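Colleague: The primary structure of each chain is shown beneath.
Number of protein chains: 2
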Amino acid sequence: MIANTPKTPYYYAVIFTSIRSNIEEDYTSTAQKMTDLAQKQKGFLGVESAKEEIGITVSYWESLEAIKNWKMNVAHTEARNKGRSTWYKNFKVRIAKVERDYEF
Amino acid sequence: MIANTPKTPYYYAVIFTSIRSNIEEDYTSTAQKMTDLAQKQKGFLGVESAKEEIGITVSYWESLEAIKNWKMNVAHTEARNKGRSTWYKNFKVRIAKVERDYEF
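Chains as they are written, first to last, in my numbering: chain A, 1 to 104; chain B, 1001 to 1104.
No lab work stands behind these hints, which were simulated from the structure alone. Check before you lean on any hint, since a few could be wrong.
[Stated by the list, open to error] Partial list, derived from the structure: chain A residues whose beta carbon lies under 7 Å from chain B:
{"#": "1", "residue": "A66"}
{"#": "2", "residue": "K89"}
{"#": "3", "residue": "F91"}
[Stated by the list, open to error] Restricting the straight-line Cα-Cα distance to at most 30 Å, the calculated cross-link-like pairs of lysine-lysine (BS3-like) are:
{"#": "4", "chain 1": "A", "residue 1": "K7", "chain 2": "B", "residue 2": "K1082"}
{"#": "5", "chain 1": "A", "residue 1": "K92", "chain 2": "B", "residue 2": "K1071"}
{"#": "6", "chain 1": "A", "residue 1": "K51", "chain 2": "A", "residue 2": "K89"}
{"#": "7", "chain 1": "B", "residue 1": "K1092", "chain 2": "A", "residue 2": "K97"}
{"#": "8", "chain 1": "B", "residue 1": "K1068", "chain 2": "A", "residue 2": "K7"}
Values in this document were obtained by computation on a predicted structure and should not be read as measured data. For each residue, glycine too, the CB sits at the ideal point set by N, CA and C.
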């Protein structure tokens, strides 16, 4: 649910915002596979996701190196390519350093 | 839809993740008011929002000062207090500096 991330500073957030095409073609199963696979990566801290008109997935990571390693993962690269060509009309990825947080 | 933010570095993201209580009581109208009001603040750059099991709202800002000024806004403070007492079971706010972004 809400990701249980460590104390700030510093951990990193990858904010992935997307608008889907209307093509399903393995989208749901691949999205689930990528979530499962991300959780096995070194430096993965948690993920939060919701979708209405736009989809927002925020994943949290220990370091920029962990984010880079996940980006270079072969299955993830294939999924991203399929995302560009098929599943998404638009998307945006923002990599951000979390400086402060608070909760209730 | 997907927020049209300026070049990195540096702008800031406020990642607000929440789980609602089952109490409606002006929630929807207040959420809309806060979105409208945020957009009038100095330094506001854009907002993205989606809700399923959890709600994720990411707002983008020019500076930490702009984020602080919005936090101190009286109507926003009242809404946050009502959020804590009534509308949310849990929430988490993360303030992060966007270091890189790319889009498609």
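Colleague: Which of the numbered hints are not met once you compare them with the structure shown?
Modeller: The structure breaks hints 1 and 2; every other hint is satisfied.
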